[in-house]
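Asker: These protein sequence lines are chains A and B, in that order.
Per numbering that gives the first Met the number 0: the first sequence ends with 403, consecutive numbering throughout.
Per numbering that gives the first Met the number 0: the second sequence ends with 403, consecutive numbering throughout.
There's no promise every hint is true.
Which copy? The list can't say, so a pair holds if one copy fits it or any two copies do.
To be verified - Below, simulated DSSO-like cross-link-like pairs (lysine-lysine); rule was C-alpha separation at most 30 Å, straight line: (1) 251 <-> 86; (2) 171 <-> 7; (3) 285 <-> 146; (4) 395 <-> 332.
Keep in mind that the hints were calculated from the coordinates and are not lab data.
So the chains spell out like this:
2 protein chains.
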Amino acid sequence: MIKFEEAKKIVLESAKPIGKEKVFLEDAFRRILAEDIIANYSIPPFDNSAMDGFAIKSEDTNKDLPVKLRIVGEESAGEIFRKKIDKGQTLRIFTGALLPAGTDSVIPQEEVEIEKEFIVIRRKVRKGENVRYAGEDIKEGEIVLEKGIQLNSTHIGLLSALGIVEIEVYIKPKVGILATGEELKDLNEPLLQGSIRNSNTYTLIAQIKSAGAIPLNYGKTGDNPNEIKNIIEENLNNCDIFLTTGGVSVGKYDYVREAVESIGAERKFWKVAQKPGMPLAFYVLKRENKLKYIFGLPGNPGAVMITFEEYVRPLIYLLSGRKNYLPQEIEAKFTHDLKKKKGRLNFIRVKIFFENGEYYISESGPQGSGFLKTLANANGIALIPEDVEYIKAGTKVKVHIVEW
Amino acid sequence: MIKFEEAKKIVLESAKPIGKEKVFLEDAFRRILAEDIIANYSIPPFDNSAMDGFAIKSEDTNKDLPVKLRIVGEESAGEIFRKKIDKGQTLRIFTGALLPAGTDSVIPQEEVEIEKEFIVIRRKVRKGENVRYAGEDIKEGEIVLEKGIQLNSTHIGLLSALGIVEIEVYIKPKVGILATGEELKDLNEPLLQGSIRNSNTYTLIAQIKSAGAIPLNYGKTGDNPNEIKNIIEENLNNCDIFLTTGGVSVGKYDYVREAVESIGAERKFWKVAQKPGMPLAFYVLKRENKLKYIFGLPGNPGAVMITFEEYVRPLIYLLSGRKNYLPQEIEAKFTHDLKKKKGRLNFIRVKIFFENGEYYISESGPQGSGFLKTLANANGIALIPEDVEYIKAGTKVKVHIVEW
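Here chain A stands alone, though its shape is the one from the complex (with noise of 0.2 Å):
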C-alpha cells in the first residue's frame, strides 16, 4: 500500500496540457490563457484629459493671478484638435479627449470661470494635472497576462483593451464517468429495498464542470467485467480520463480491476495509505499516441468526493494548463479531539471558521465514507498524516479548500 503524498506524485507527474485552440474573446471568460499576451500598444494610447475642463500650458499660470486664457475651440472624447495650442490660450476638453499639441495640463471646469470667449483661473496649476499620459497603464512591447491563469473579468477588460478579438486557451479536459454496482438505480428507477441511488454520477459530473473540464456520462451497470470492459474499450478514445466508480475493492464482485486490465491498461497503483479511499486505483494507457489516464474510484459518495478533490481535480488542472494545480492549503487548529488508527492518512471533512487572527476548523459530521450530509456541511478537508494516533484540541493540521 502507498501512501498519500507517493501516489499523488505518481497521478501528477507525467500530465501535461492537451493541447491548445484559438477562441473568441467573447468565449474566453474562466479559460486557461495558453500564450504570454504582450501589449501591441500603449495604454492608453494617447496623452488625454481626465475631467472635462481646459486644456491649458501650465506655465501661463506660473504670472501673477488670475489669469485670463482665450478659448480657441473645444474637443470631445474621440475628436482631434488639429492646431497647435499657443500661450494665453485653452482649450476646452472633456474627459478622455487627446491632449492637444503645445499644452500639458488641465483644470476643471468648476474652477474657472468663464467670461465670454475667456477662462479666469485664480490658481497656480502644476504639470500634468488631470493628464492621464500614454502608456501610464500598459506600455507597448509589455507582458500584459502569462499563459496558465484562468481569465476573469479584469483579464478579459485588458484582453479587449488591447483589441484582441481572438486568444489561445488550453483545450478543456473530457472526463468520462462510469458508475459500476448491482445495487445502483438510476433517478427515474424504482428504488427497491436493497438498493440505492446512483448519486456519484451526478456529483461527479458536477465536480468535472466545478474543474472547468468537460463530463461524459456512460450512465451505470452492474458488477459485470464484460460490461464494464467493453463500455470503457468503446469511449476510451473520446476521453482524457476515465472515471470508474465502485467494484475496487477485494470483493468477490469487485471487476473493476480485471476490466481495466484486461484492455491493456498499465497499473499504476492500487491501494493507497488513506481514509476514505483505501481502493483507489490508477491506470494509464496509450491511445492513438495520446495518454489516457483511468481512475477506480472506491463507491462511497464521501471516497468518490475526496479522492476527486485530491487526485482528479489536480491532474484536471495540469491537463488544462493551469500555472495553479494544487488545492489550496492553509494551516488550522482542531476545536476539538479527534482519534484515530495509525497506518493510513486520514481526510477529515470539516467546517473552517476564522477567529482572533487564527483559522479553526470542527468536524463537519460524522465522517464514514457513505455520509452525504457531512459532505455538504464541508468546506475544507483536513489532512492528519500516517501515524498520528490523536489529536488535541488546538493542535494545526493541514487543511484543503474544497473547490467542489
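Using the hints, position chain B against chain A.
Answerer: Chain B alone, transformed into the frame defined by chain A:
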C-alpha cells in the same frame, strides 16, 4: 450627493427574486435553489453492511471464543436474502448489502477463518459493528437543503441520492449593456488617434456571467441622446437590469440621464460621495408590471468594475434569490500609508495576503479610475470612509473580497 451606504440601500431595498423555474438535476449545478428540499425517504434507506464480511448476531460472540457459525448463504449489494438468520448462523455479505433479519453486526472477511461451511471468529463483536443504520445520514422528513443557496457538487449529490429528478430554481436575471461615447472603437475597428477600445462591454459581460446572470449586449453608441433612448426603449422589456456606461457626468456630451429620463424612469439618485464612481445614476421603471432597474455607470473601466461589484452584483444576487447577496467582508491592515481627500468614500483596489494571523492589504497599483492593470492585480476592494484623510500603515479597514 448621497453617501455610499444610503445609495446601496436604495438599490437593494425593493429587490425581490424575479421568478422560479423547474430544471433537471443535470442542469442545476450553480443555480440558486428556490424551494426547501425535504427528504422523501431516509439515507441510507435501510440498515446495510459497511464492509465485505459476515453478518452475525453479536450475542453469538458473548461466549468462550473462538466460536463457529454456519454460513447459510450470501448476499451482495442490490440483492435481498429473504430468510431470517438464526443463532449460530451467518450470511456472507458485501459492502452496501441489506443487513439480513436476525443479525445486528458484520465482521470483516479478513478477520475470520473459513472452514468449509463455517467461519471461525476469535474476538467479541460489538452490536452495530460495521453496520450503517437506515437514516443515519438523512432522516425521512428532514429539511436537507434550504432555498436561497447556490447548488454545489455536494448538494447535487444529496439531491440525486434522494432521487430528485427536477427542482425549482430561481430564474436568472437578464442584464442589458449599452456602452456610450464617441471615442469608443470595437475590437475589429481601426483605432484612430483620439479613440480607445470599448472594453467596458466585455468586462461587464464577464462580470454578469460571474454573477450567474445572462448578459445581453446592445453594443455601443455615440453621444447621441435619441439613439441612447431608442436602444434602451426597444430592449428594456427583455431585461431586468439595464446598464449604460459613460455619459452620466455633467459634461456637454453626457446624454445618458436625459435619455433615461425621457422614457419615464424615476431617478432614485445621481452622484454618490465615492471615488471612483461619483457620477453613478440609478433609475427604476415599471414595464408590463415588472420593475426594471437602470444604472448609468461611469465611463472609466475602474469605476465601471467597482460600481458593478458594489451595487449591481448585490442587486443581481437579490433578484436571483440568493440568501447571501452582499460582498464577503474582512478586516485587513494596510502595509503602507495612504492619503486621500475628505468628502468621498474611496474604493481602493488592493492585494490581500495573510501572515501571522492577520490579513494585510496593499494597493494593487495606481488608483486612477482608468487603470486596468491595477484591477487585474487586485483581489479586494478596501473601503476608506468619507471623513478620513490619512491612513497610517497598520490601520485596519474593511475590505470586500472581489468575485470578478
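Asker: Between residue 285 and residue 146, at a C-alpha cutoff of 30 Å, which is it: within one copy, between copies, both, or neither?
Answerer: within (27 Å within a copy, 46 Å between copies)
Asker: With 30 Å as the alpha-carbon cut-off, assign the pair residue 251 and residue 86 to within, between, both or neither.
Answerer: Answer is between: at 25 Å across copies they meet the 30 Å cutoff, but 96 Å inside does not.
Asker: Between residue 171 and residue 7, at a C-alpha cutoff of 30 Å, which is it: within one copy, between copies, both, or neither?
Answerer: This pair counts as within: shortest intra-copy Cα distance 21 Å, inter-copy 39 Å.
Asker: Indicate which option fits the pair residue 395, residue 332 if close means a Cα-Cα distance not exceeding 30 Å: within, between, both or neither.
Answerer: For residue 395 and residue 332, both the intra-copy (4 Å) and inter-copy (24 Å) Cα distances are at most 30 Å.
The structure agrees with every numbered hint stated previously.
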